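Visitor: Assemble the whole structure, with the sequences as input and the hints as a guide.
Number of protein chains: 2
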Amino acid sequence: MKIGFIGYGEAAYNISFGLSKEGLKGIRATDAMMNDSVMGKQVHTRAEAAGVTLVSSNKEIAQWADLIFAAVPSSFTMDVCKDVESVLRPGQLYVDVSASTPSIKQAIWEQVKNTGVLFVDAAMLGSLPKDQHRVPITASGNGAEEFKKLMTPYGMKITLAGEKAGAASAIKLVRSIYMKGIAGLMIEMLQAADAYGVSEEVIASISKSMDGIPFTSHLDRLVTGSALHCTRRAAELKGSIAMLGEANLSSDMTKATKQRLQDLEEYEFAKRYVDKKPSGWKEIIETIRVK
Amino acid sequence: MKIGFIGYGEAAYNISFGLSKEGLKGIRATDAMMNDSVMGKQVHTRAEAAGVTLVSSNKEIAQWADLIFAAVPSSFTMDVCKDVESVLRPGQLYVDVSASTPSIKQAIWEQVKNTGVLFVDAAMLGSLPKDQHRVPITASGNGAEEFKKLMTPYGMKITLAGEKAGAASAIKLVRSIYMKGIAGLMIEMLQAADAYGVSEEVIASISKSMDGIPFTSHLDRLVTGSALHCTRRAAELKGSIAMLGEANLSSDMTKATKQRLQDLEEYEFAKRYVDKKPSGWKEIIETIRVK
Numbered sequence: 001m002k003i004g005f006i007g008y009g010e011a012a013y014n015i016s017f018g019l020s021k022e023g024l025k026g027i028r029a030t031d032a033m034m035n036d037s038v039m040g041k042q043v044h045t046r047a048e049a050a051g052v053t054l055v056s057s058n059k060e061i062a063q064w065a066d067l068i069f070a071a072v073p074s075s076f077t078m079d080v081c082k083d084v085e086s087v088l089r090p091g092q093l094y095v096d097v098s099a100s101t102p103s104i105k106q107a108i109w110e111q112v113k114n115t116g117v118l119f120v121d122a123a124m125l126g127s128l129p130k131d132q133h134r135v136p137i138t139a140s141g142n143g144a145e146e147f148k149k150l151m152t153p154y155g156m157k158i159t160l161a162g163e164k165a166g167a168a169s170a171i172k173l174v175r176s177i178y179m180k181g182i183a184g185l186m187i188e189m190l191q192a193a194d195a196y197g198v199s200e201e202v203i204a205s206i207s208k209s210m211d212g213i214p215f216t217s218h219l220d221r222l223v224t225g226s227a228l229h230c231t232r233r234a235a236e237l238k239g240s241i242a243m244l245g246e247a248n249l250s251s252d253m254t255k256a257t258k259q260r261l262q263d264l265e266e267y268e269f270a271k272r273y274v275d276k277k278p279s280g281w282k283e284i285i286e287t288i289r290v291k
Numbered sequence: 001m002k003i004g005f006i007g008y009g010e011a012a013y014n015i016s017f018g019l020s021k022e023g024l025k026g027i028r029a030t031d032a033m034m035n036d037s038v039m040g041k042q043v044h045t046r047a048e049a050a051g052v053t054l055v056s057s058n059k060e061i062a063q064w065a066d067l068i069f070a071a072v073p074s075s076f077t078m079d080v081c082k083d084v085e086s087v088l089r090p091g092q093l094y095v096d097v098s099a100s101t102p103s104i105k106q107a108i109w110e111q112v113k114n115t116g117v118l119f120v121d122a123a124m125l126g127s128l129p130k131d132q133h134r135v136p137i138t139a140s141g142n143g144a145e146e147f148k149k150l151m152t153p154y155g156m157k158i159t160l161a162g163e164k165a166g167a168a169s170a171i172k173l174v175r176s177i178y179m180k181g182i183a184g185l186m187i188e189m190l191q192a193a194d195a196y197g198v199s200e201e202v203i204a205s206i207s208k209s210m211d212g213i214p215f216t217s218h219l220d221r222l223v224t225g226s227a228l229h230c231t232r233r234a235a236e237l238k239g240s241i242a243m244l245g246e247a248n249l250s251s252d253m254t255k256a257t258k259q260r261l262q263d264l265e266e267y268e269f270a271k272r273y274v275d276k277k278p279s280g281w282k283e284i285i286e287t288i289r290v291k
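Residue numbers (the numbering used here), protein chains in the order written: chain B, 1 to 291; chain C, 1 to 291.
Any given hint could turn out to be false.
Unchecked claim - With a straight-line cut-off of 16 Å between C-alpha atoms, the simulated EDC-like cross-links for lysine to aspartate or glutamate are:
hint, chain 1, residue 1, chain 2, residue 2
1, B, LYS282, C, GLU200
2, B, LYS59, B, ASP83
3, B, LYS255, C, ASP252
Claimed, not checked - To be clear about the criterion: a stretch of chain B counts as covered by chain C if any three or more of its residues have a C-beta under 8 Å from a C-beta of chain C, and this derived list gives those stretches:
hint, region
4, 213 to 223
5, 251 to 263
Hint data in this document are derived by calculation from the structure and do not stem from the laboratory. Quick caveat: nothing in here was measured; it's all calculated off a predicted structure. Just so you know, even glycine gets a beta-carbon here, dropped at the ideal spot from N, CA and C.
Guide: Spelled out as structure tokens, the structure:
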């Protein structure tokens with residue numbers, strides 16, 4: 001199988017390095033900066049380390065490869081697609097691993113679909129330096145199944161996310177809202193706990209609320225509770241914001257939380273649920289769905 | 001035991017109602033609005049329901065009671081304290097249940113400490129309408145132990161948080177940063193997942209990362225990971241923010257997360273930890289501690 005990388009940065013280097021170790025030889029790559037007097041050196045050093053042959057243009061990769069990894073920054077990924085579109089062919093795999101929004105991935109699919117190419121919206125959900133080619137990838141698009149079938153034998157960890165270009169990227173970017181968000185909250189919370197000398201007590205209290213309960217149960221309880229009691233909870237956060245201010249600490253996350261709770265006030269959930277309880281988060285999200 | 005409430009709103013009503021049901025009779029209360037033509041009616045109706053006798057002034061409560069609950073909004077709690085200070089006496093319990101910042105609770109303690117009163121900074125950590133007098137309370141101050149000893153037989157759930165006035169309130173307000181914050185994150189995340197039709201996949205993916213792992217392990221992993229990779233993770237959130245914008249959804253929480261990650265850049269954690277790994281969140285928080 002002929003594998004080519006358009007763009008040879010962090011992602012391409014780590015994936016190709018891992019694939020080479022799996023015995024996949026003859027990988028080729030190109031990079032817009034490969035002949036740059038400053039940046040080019042790293043491209044060459046990395047290609048050599050991974051046993052990858054550098055070629056001079058995107059089109060050369062696209063004409064030669066059975067499987068193309070488009071591995072450039074989000075802002076360049078449409079340019080690459082347009083550059084190689086004329087040489088794409090039916091059955092060839094075009095795997096866009098850029099961290100683009102769902103709408104960009106959809107636009108790329110629209111751009112290439114008449115070529116007969118198999119398109120894959122691939123979103124990486126882990127650490128490349130740590131996992132290399134084994135980084136968990138979620139893949140959508142009409143080429144996702146074929147991509148999984150071809151690359152699983154070489155150790156790649158690919159999860160399917162349907163036929164729709166953009167779905168995989170949506171999963172990655174939506175997931176990041178929560179997973180990176182709780183890290184931000186942890187830092188804001190721990191700095192405050194540290195300033196007031198109550199770290200142990202607060203962590204014990206939160207652990208008691210969180211541990212051993214499935215995430216889906218927390219979702220149901222916290223989303224419905226916040227909807228029903230948004231006004232009171234937003235008001236309570238004034239105290240936390242005042243405290244952070246008194247300790248000369250940032251309250252970015254807490255101010256945003258207060259705003260998010262206030263945004264729920266217009267839906268008057270407490271009035272909607274006088275006689276019954278919401279069954280879970282879905283009822284709340286359906287009510288506030290943007291039409 | 002003579003129990004008196006200064007302020008007879010939501011907190012006082014629920015606690016006194018529950019204590020009456022436990023057999024504690026003869027509770028007295030006063031409220032600044034009790035003779036108000038509009039608001040007064042609710043005070044009287046509630047007092048009657050709870051079997052509580054209304055009296056006409058804060059001082060009357062303070063002179064009569066063995067245990068005073070100061071249960072007024074945060075902005076009035078210092079006024080109440082100054083109003084009754086002259087009649088407070090050694091050994092009497094003064095329990096401030098207002099949702100004030102640690103510095104307000106400390107200031108109240110400074111104001112009353114020469115009277116010999118036993119002061120309790122009491123912070124409620126649950127739902128009053130649901131739990132009534134059994135709402136989990138964390139208590140600090142020189143009267144916290146006595147408060148717990150006296151009220152536990154009547155069903156109150158009091159956890160001790162040390163001798164320091166303000167510590168209990170700090171625990172409550174710091175805890176809220178995280179517990180209310182994750183509710184805000186859940187809503188921002190679920191709205192986006194809903195808009196892109198990927199709710200099931202995202203929830204499954206987050207569940208896989210969260211479930212069955214103690215909160216303290218998440219703290220260590222996410223705080224150190226965010227510190228080491230703050231620049232990349234902040235940049236990655238640009239995609240999430242762009243996606244939320246394209247779906248016409250609020251990105252308040254995610255923008256705040258991006259800012260919190262960027263705030264870590266100045267500490268250059270990646271450089272500090274070239275040869276070793278941080279042992280956990282404590283090392284990170286100690287480094288960014290506000291002096």
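Visitor: Mind taking a look at whether chain C covers the region 213 to 223 of chain B? Criterion is 3 or more residues with CB to CB distance under 8 Å.
Guide: Satisfied; 7 residues make the cut.
Visitor: Is it true that the CA of LYS255(B) sits at most 16 Å from the CA of ASP252(C)?
Guide: Since the Cα atoms of LYS255(B) and ASP252(C) sit roughly 9 Å apart, the hinted pair holds (cutoff 16 Å).
Visitor: Hey, LYS59(B) versus ASP83(B), does the alpha-carbon distance stay inside 16 Å?
Guide: Holds. LYS59(B) to ASP83(B) sits at ~7 Å (cutoff 16 Å).
Visitor: Can the region 251 to 263 of chain B be counted as covered by chain C under the rule of three residues or more with Cβ-Cβ separation shorter than 8 Å?
Guide: Our answer is that it holds, as 10 residues pass the Cβ test (under 8 Å) against chain C, meeting three.
Visitor: Taking 16 Å as the top limit, are the C-alpha atoms of LYS282(B) and GLU200(C) close enough?
Guide: At roughly 11 Å apart (the allowed maximum being 16 Å), GLU200(C) and LYS282(B) satisfy the hint.
Checked against the numbered hints above, the structure violates none of them.
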